[in-house]
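As a plain string of letters, each chain reads:
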Amino acid sequence: MQELVNRAKELLADGTVVRVLGWKAGDLPYNPEPAYFTSAEELDNFVYNGFCGANLSKYMIEASKLEGKTMVCLKPCDTYSFNQLIKEHRVDREKAYIVGVGCKGKLNIDKIKEKGIKGIQSISGAEMSDACDTLTIQTLYGEKTCSYAEAMLERCHVCKGKEHMIYDEIIGESKDTKDAERFAEVERIEAMSPEEKFAFFRNELSKCIRCNACRNVCPACSCRKCVFDSTKFDTAQKANVDSFEEKMFHIIRAFHVAGRCTDCGECSRVCPQGIPLHLFNRKFIKDINEFYGEFQAGADSEARGPLTNFTFEDCEPSIVTERR
Amino acid sequence: MQRIGVFVCHCGSNIAATVDVKKVVEMALLEPGVVHAEDYQYMCSEAGQAKILEAVKEKGLTGIVVCSCSPRMHEATFRKAAERAGVNPYMVEIANIREHCSWIHKDMEEATKKAVILARAAIAKVNLNAPLQPGESRVTKRALVIGGGIAGIQTAIDIADAGYEVDIVEKTPSIGGRMSQLDKTFPTLDCSACILTPKMVEASAHEKINIYTYSEVEKVTGFVGDFTVDIRKKARSVDMNKCTGCGVCQEKCPSKKAPSEFNRGLNTRSAIYTPFAQAIPNVPVIDRDACLKFKTGKCGLCEKVCQAGAIDYAQQDEIITEKYGAIVVATGFDTIKLDKYDEYAYSQSKDVITSLELERIMNAAGPTKGHLERLSDGKAPKEMVFIQCVGSRCADNRGKSYCSKICCMYTAKHAMLIRDKYPDVNVTVFYIDVRTPGKNFDEFYRRAVEEYGVNYIKGQVGKVAPLPNGKLLVQGADLIDNKQILKEADMVVLATAIEPDPSVRKIATMLTASIDTNNFLTEAHPKLRPVESPTAGVFLSGVCQGPKDIPETVAQAGAAAVKAIGLLAKDKLMTNPCTAKADELMCNGCSTCANVCPYGAITYEVKQVNDHGIREDRRIAVVNNALCQGCGACTVVCPSGAMDLQGFSNRQILAEVDAICR
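Here the protein sequences come in this chain order: A and B.
Okay, so the first sequence: first residue is 1 according to our numbering, each after it adds one.
Okay, so the second sequence: first residue is 325 according to our numbering, each after it adds one.
For the record, the hints were derived by calculation from the structure and aren't laboratory data.
Every value quoted in this text rests on a predicted model; they were computed, and no experiment measured them.
The C-beta atom is built at its ideal place from N, Cα and C for all residues, glycine as well.
Certain hints may be false.
[Said to hold, decoys possible] Over 12 Å on every C-beta distance to chain A, these chain B residues come out as not near it, computed from the model:
1. A341
2. A400
3. Q457
4. K523
5. G569
6. D666
7. K706
8. N793
9. E940
[As the list claims (entries may be wrong)] Now the in silico label distances, taken between C-beta atoms and shown as ranges:
10. K118(A) x F972(B): 27 to 35 Å
11. P194(A) x K346(B): 40 to 48 Å
12. E10(A) x E940(B): 27 to 35 Å
13. H89(A) x Y366(B): 50 to 58 Å
14. H89(A) x A860(B): 30 to 38 Å
15. R612(B) x F291(A): 31 to 39 Å
16. V933(B) x A303(A): 26 to 34 Å
17. V933(B) x E10(A): 33 to 41 Å
18. D663(B) x F291(A): 26 to 34 Å
19. E33(A) x P458(B): 54 to 62 Å
20. E42(A) x M325(B): 54 to 62 Å
21. I984(B) x K286(A): 29 to 37 Å
Use the sequences and the hints to build the structure in full.
Following this line, the structure appears as structure tokens:
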């Protein structure tokens, strides 16, 4: 982390950038939050560890409108979102100095708590320089340990790889933490009967409190004015009339990001209710892969997504079911 | 609030017999905004339209809903009526209670319920309609004909004779198409080449016709009256301006092993070749896959012998971009592949041939110089069996469900010609039905049976098996005598089904012209607009629209030409005002709409906007109304809903859905 802070200070000092977009410590040892830094002094609060799951690429939409360049710290998976935002003309590549930061998997505090580890005072073993295989946790009730892998976010178990898709320089080492099949859960749901599927999603979505965190954090949900906030459509009201329409919020959102979602997993990470929202998006990704060939949104900043492109090899919608 | 009038048409008994029109009127009056409703026997009639005019005058209507037939039938009629009454034509909505309701339902109560719902949806939409003004677009006075067979040639000649420039794009090295491969034509038995070649010459000599052979349409943009087309002129490797057509290169070419496409692969041709002697243009092409110079770098004999210095190995494909007002598709047909019909032994025996191959064998310029002989051993056949409907009228999915239409007649022709020239050959035809609707057609078939003694057997053939003695054992059924037939034949001819040329799929996609499940191009209306595609400015000529013989093809080619001429004769076209429009304050500038726009109608501009006090420069989508065709693709992909279609706005469509679900 110190290397990162030193480099940020250098870039600020030589005028390459006028601000740094990274993370600072939160109220608790495990909730660092995205932050801007504009001076060397402020950078003393800079934090980067296993809990810095937040994908900063979306912040670059606003940062692109500011004067001068912003140094932005992007983990390998965040760079996919950044590329997608370049493709959609939502961020300005020229306004960003991308430091690809190393990542060895990001942590989910709930997974630690689920192990009965309570009263957490500090956590070590999650620094960028660490081996990241065991977490040592100081609690009110003494020292506890936890396997790093077991505390990882779901998305890290299906890691897209340790390569940064776009960067100006890379600081720190990354690790491919994939140890599970990306579409296993989707396949499990696909195998359900329509009634079971409906029951599954009704159960999950019934927890939704419409806090909009998923939408607000989603790099694909980057509209100036979201359809759910606009009076131009009837959707704003629609989302509240009854519990079914409430669920339509998530379905509509999944359709809106289809083909653009990089599967960054932020929606599920921030959901305070623990709804596995990424499953909707991953189902779309799986279908797109099957119908139109493997496609990873954000792998580059130019290729047209299969849903907004046309080739003579495209399958006909009418025979889609035959292909499957 | 709109003041809406609802006009319910009986369409004689077409609607009124199944829908309680009085009830529809009664229910419509309960809808918000409706101030007038009435029914009438024929709303589209003079008297019916007068009722609309009168109601507008008396009740001060601002919107009109006509519950009648499909808008594709009479929307224009009622829009004109509205205009005469002083109401903007785009304030008219049609509730289709005929095709969508009365024609497809039997139960009056149910149908009436549905008609009321359809009327309700249209009323809900009109409540949100706004007057729209059409613009104008220019017409490029030049036509493109895709395909240089008899259909394309005839269409081109007819358009050119009317005084308009025409380009023909033909993918093979010569115009002429399938007709040039035929030996004789039914029902007159005149020689195909004798009647086709003068047409080919006429087309190539016509000052208004420009022919691109060995060329393909690569890209089409634009719209009716103003298409822009990229044509790929494939590298011929021969300079068309220098070549004199002497043919020495073809004689000297040492590589003579390429299968002749023109002779359906029954013999071979040189690597540098013209498909046939009367080819137009009479300029050969080098088949680079077969040419030794291209394959090994050694040879170059044609270049040495060419007196004119026309050989150009370095020639590259050339892209020509041209503008057209109208496009005629005349891509023709091919015979189906027979790999799913193993039972006829086509792939096992050289003596099982398709009818088109027989045409080549019978032709003096064909692989056997016109002698009827077995391709396996060159012997003259004594017993010939023709099998009809191979792949046509097929109940399973191996073949085509349709009748290929031309086979009954050409088989009668073949049978007659063989019996005439070789009276010692016995000819047997296995058929499902003999279909001869056409002028002098049945007489022709009867001549084959009565005068030429052709043996017609009603029944299908189950199997053709090559025998060790070189003959073919044909196992068939005679349905009239109700018995199995085992017959030894020297040659078997398969009346192979025809299908649209495979290239048509790509062309249809480029033109956004629709095709049916069999890849035939669809008409705008099967009865009333048979030579127009539903895509404005695209016309259909020949077999690309459905199976046809030569007289029908020529007639349709003329009809397509007339439609194209009608379009080219106009100086300006009214454009559809139902175009897309971006809400500047909501647009993200993401370019997704521009990516999916098939007409290239969307561009981006950086504009200063004032978003509730925030002034900033934003990248915003701008729609070119002249290019936009109102397809709505952009509105669907727009994530923020900034893009909307005028006349079919998201709000209007949701209002319709809500009205239906109410």
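Against the structure, the hints:
1. No beta-carbon of chain A is positioned within 12 Å of the beta-carbon of A341(B); the least distance is around 34 Å.
2. Against the 12 Å criterion, A400(B) stays outside the reach of chain A, whose nearest CB is about 30 Å from its own CB.
3. Separation of Q457(B) from chain A is adequate, the least Cβ-Cβ distance of about 23 Å exceeding the 12 Å criterion.
4. Consistency note on K523(B): stated as away from chain A, and its beta-carbon is indeed over 12 Å from all of that chain's, at 33 Å minimum.
5. Every C-beta of chain A lies more than 12 Å from that of G569(B), the closest at about 36 Å, which supports listing it as non-interface.
6. Against chain A, the non-interface label of D666(B) holds: every CB pair exceeds 12 Å, the least being about 24 Å.
7. With a minimum CB-CB distance of about 48 Å to chain A, K706(B) clears the 12 Å threshold, and the non-interface call stands.
8. Every C-beta of chain A lies more than 12 Å from that of N793(B), the closest at about 45 Å, which supports listing it as non-interface.
9. Distance to chain A contradicts E940(B) as a non-interface residue, since its nearest Cβ pair spans about 7 Å, not more than 12 Å.
10. Separated by about 58 Å at the C-beta atoms, K118(A) and F972(B) break the suggested range of 27 to 35 Å.
11. P194(A) and K346(B) have their C-beta atoms about 42 Å apart, which keeps the hinted 40 to 48 Å range intact.
12. Distance hint check for E10(A) and E940(B): the Cβ-Cβ separation is about 32 Å, which falls inside the suggested range of 27 to 35 Å.
13. Range check, H89(A) to Y366(B): about 54 Å between beta-carbon atoms, so the 50 to 58 Å window is met.
14. In this structure the hint that H89(A) and A860(B) lie 30 to 38 Å apart at CB holds, the actual value being about 33 Å.
15. Between R612(B) and F291(A) the beta carbons are some 36 Å apart, a value that agrees with the proposed interval 31 to 39 Å.
16. Checking the proposed 26 to 34 Å range against V933(B) and A303(A) shows it holds: the Cβ atoms sit about 30 Å from each other.
17. Separated by about 38 Å at the C-beta atoms, V933(B) and E10(A) satisfy the suggested range of 33 to 41 Å.
18. Taken as a hint, the range 26 to 34 Å holds for the pair D663(B) and F291(A), whose Cβ atoms sit roughly 27 Å apart.
19. Range check, E33(A) to P458(B): about 55 Å between beta-carbon atoms, so the 54 to 62 Å window is met.
20. Distance hint for E42(A) and M325(B): a CB-CB separation of about 59 Å, consistent with the stated range 54 to 62 Å.
21. The hinted window of 29 to 37 Å between I984(B) and K286(A) holds, with their beta carbons roughly 33 Å apart.
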